[in-house]
Amino acid sequence: MTESIVFVVDDDTAARSAMESLLRSVGLLVETFGSPAEFLRRSAAECPCCLVLDVRLPGMSGLELQRHLRSARSNIPIIFITGHGDIPMSVEAMKAGAVEFLTKPFRGQDLLDAIHNAIERNRGDREDEARIAELRRRTGALTPREREVMERVIAGLLNKQIAAELGTSERTVKIQRASVMKKMGADSLPDLVRMAEKTGIALKG
Amino acid sequence: MQFMQPSERRQAVWGYALAILCAGSALTVTASLRNPLFPTPLFFAAIVITTWYGGSVPGFVAIALATLSLNYYFIPPLGSMSLNKPEILYLLEFALPASLTCWFVRKRRITETMLRESRDKLQSRIEQRQAELARVSRMMTIGEMGVSIAHEVNQPLMALVLNGEACLRWLRADPPNLPEARKAAGHIIEEGHRAGAIVQRIRALAKTSPKRVVLDVNEVATEAAALLQKELARNRVALRTELARTLPRVRGDRVQLQQVIFNLAMNAIEIMSMETERARELRIRTEAEGSESIIVAVEDTGPGLPSGDPEELFTAFFTTKEDGIGIGLSISRTIVEAHGGRLWAGNSGGGAVFQFRLPVMEGAL
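In the order they appear, the protein sequences are chains A and B. Take the first sequence: its position 201, counting from 1, is numbered 201 in our numbering, and each next residue is one higher. Take the second sequence: its position 325, counting from 1, is numbered 325 in our numbering, and each next residue is one higher.
Take these hints with a grain of salt, some might be off.
[As the list claims (entries may be wrong)] Restraint-style ranges between C-beta atoms, simulated for each label pair: (1) A/Arg-126 x B/Leu-168: 31 to 37 Å; (2) A/Gly-34 x B/Glu-242: 22 to 28 Å; (3) A/Arg-145 x B/Arg-236: 55 to 61 Å; (4) A/Arg-126 x B/Gly-350: 22 to 28 Å; (5) A/Glu-64 x B/Leu-122: 44 to 50 Å; (6) B/Arg-234 x A/Pro-190: 27 to 33 Å; (7) B/Arg-234 x A/Arg-126: 34 to 40 Å; (8) B/Met-274 x A/Arg-42: 20 to 26 Å; (9) A/Glu-64 x B/Ala-150: 51 to 57 Å.
[Claimed, not checked] Stretch-level coverage of chain B by chain A, calculated; a stretch enters the list once three of its residues show a Cβ under 8 Å from a Cβ in chain A: (10) 105-118; (11) 351-362.
Calculated directly from the structure, the hints in this document are not laboratory data. All residues carry an ideal CB built from backbone N, CA and C; glycine is no exception.
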């Protein structure tokens with residue numbers, strides 16, 4: 001497992017240190033916080049991570065922190081813990097994308113399993129993000145004309161049709177098309193289409 | 001003839017003695033006035049007094065004595081019991097109204113006694129009902145406290161379980177991490193004590209009979225505040241406790257006084273939870289008031305008291321809440337007054353303030 005980190009936000013000192021000890025005992029990196037505000041002061045992690053969050057907290061509640069993180073476009077997975085088996089609240093939390101909702105007192109193994117899943121999920125998200133960022137970088141390196149050609153290629157147009165649309169020769173289109181494939185690192189047309197989908201380049205209808 | 005009870009016999013003897021005493025006094029005083037124009041008024045008074053305090057039979061004895069005295073001492077021929085027609089008329093004119101008066105007085109007396117008895121009976125029934133009400137409200141409060149306690153017990157329980165698991169994992173590691181395992185075991189003990197303290201508090205709650213002990217009201221307030229944690233968090237109310245550094249001891253029931261503070265604070269929290277604009281702050285304050293008494297105040301930052309007489313808040317079944325039954329404040333007042341104190345309401349700068357004064361225990365610092 002590459003470096004990963006677990007954040008714990010709970011206002012109860014004893015609960016916090018107990019969770020920290022348990023997580024460290026299985027070799028996880030842990031950072032604990034007494035309130036959402038404290039957590040928000042920390043800059044976002046650069047490695048796969050997840051957040052263990054008490055629902056009832058002084059000041060901003062756990063659910064509010066969740067909303068705050070979502071609106072700040074953070075995709076950190078959240079494991080909620082609560083003292084009450086409060087069903088409406090857990091439904092709300094799960095709808096808003098919580099990975100797990102644990103009712104105190106839970107088994108340590110349940111928490112560890114939830115954390116494991118959450119970190120794997122975050123790792124996957126991060127890899128996707130990295131891939132997309134790379135594709136965006138590649139798309140950015142295309143010349144405007146190459147981009148126009150690419151849009152038409154993935155829309156399924158033939159070289160001849162593209163040349164007619166852009167008012168150029170079929171030969172030129174062929175050269176530009178090869179250049180697009182090379183710059184994007186695509187092996188085939190389907191490969192290029194998948195990449196375009198991921199980066200969100202609009203398919204020209 | 002039926003046997004008389006000793007108390008009845010004593011009552012009868014007292015009645016007759018009273019008749020003789022009153023009639024005799026009337027005779028002595030009237031006789032000392034030489035040739036009174038109207039010899040009857042004092043005899044009349046004697047009859048009324050005898051009937052009121054002695055009953056109807058002694059009353060009639062007094063009438064008989066008065067009539068005989070009048071005939072012998074004041075109606076010519078003096079010193080003789082002989083009767084002629086005008087004398088008889090005169091005596092009848094005295095005896096008949098006297099008898100009537102005697103009858104009315106007796107009737108009045110009986111009515112009054114009955115009224116007093118039924119009043120006493122009602123009074124004791126009211127007291128009984130109030131005690132019942134207090135018990136019911138207490139049970140309800142205990143129910144509310146129970147939820148709070150469950151939450152409180154859960155915290156150390158979870159810490160216990162997690163520390164235990166962590167401890168095992170530190171020991172199972174290769175090589176075992178003894179310092180970490182020891183630390184986790186230490187936490188387990190601490191949390192066990194924390195749970196134990198909560199259980200003790202529950203036990204204190206379950207004790208039903210009021211127990212008067214020497215109390216530090218600061219402690220009572222702190223315990224009540226601990227029970228409020230859940231409600232405070234749920235309604236996003238900040239708690240500020242301003243406890244006097246030293247507070248003279250009072251004598252009282254710990255749980256009952258806790259209940260009063262809890263009730264007042266719950267009201268404050270509920271009122272504030274309807275507020276959206278203002279910051280919600282609950283203030284619990286204790287202070288010594290000279291060496292005679294102490295004050296406990298519960299203040300909020302809500303909208304303040306409703307207009308009207310604040311005393312109305314304390315009457316049973318008066319409520320401003322939709323789902324309230326309006327006995328919290330009335331019971332709180334009953335409890336405070338049973339402790340020789342006073343509970344009242346007012347407005348402070350930012351909201352309502354409910355406070356009570358308790359007398360300091362004699363000989364306390």
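Results for each hint:
1. A/Arg-126 x B/Leu-168: 31 to 37 Å: holds, 32 Å
2. A/Gly-34 x B/Glu-242: 22 to 28 Å: holds, 23 Å
3. A/Arg-145 x B/Arg-236: 55 to 61 Å: Since the Cβ atoms of A/Arg-145 and B/Arg-236 sit about 59 Å apart, the hinted range of 55 to 61 Å holds.
4. A/Arg-126 x B/Gly-350: 22 to 28 Å: Check failed, 49 Å falls outside 22 to 28 Å.
5. A/Glu-64 x B/Leu-122: 44 to 50 Å: violated, 56 Å
6. B/Arg-234 x A/Pro-190: 27 to 33 Å: 55 Å Cβ-Cβ, so the 27 to 33 Å window is violated.
7. B/Arg-234 x A/Arg-126: 34 to 40 Å: With a Cβ separation near 36 Å, B/Arg-234 and A/Arg-126 satisfy 34 to 40 Å, so the hint holds.
8. B/Met-274 x A/Arg-42: 20 to 26 Å: Once the Cβ atoms are compared, 36 Å apart, the range 20 to 26 Å for A/Arg-42 and B/Met-274 is violated.
9. A/Glu-64 x B/Ala-150: 51 to 57 Å: violated, 24 Å
10. 105-118: violated (count 0)
11. 351-362: With 0 residues closer than 8 Å to chain A, the region 351-362 of chain B misses the three-residue bar; violated.
The earlier numbered hints that this structure contradicts are 4, 5, 6, 8, 9, 10 and 11.
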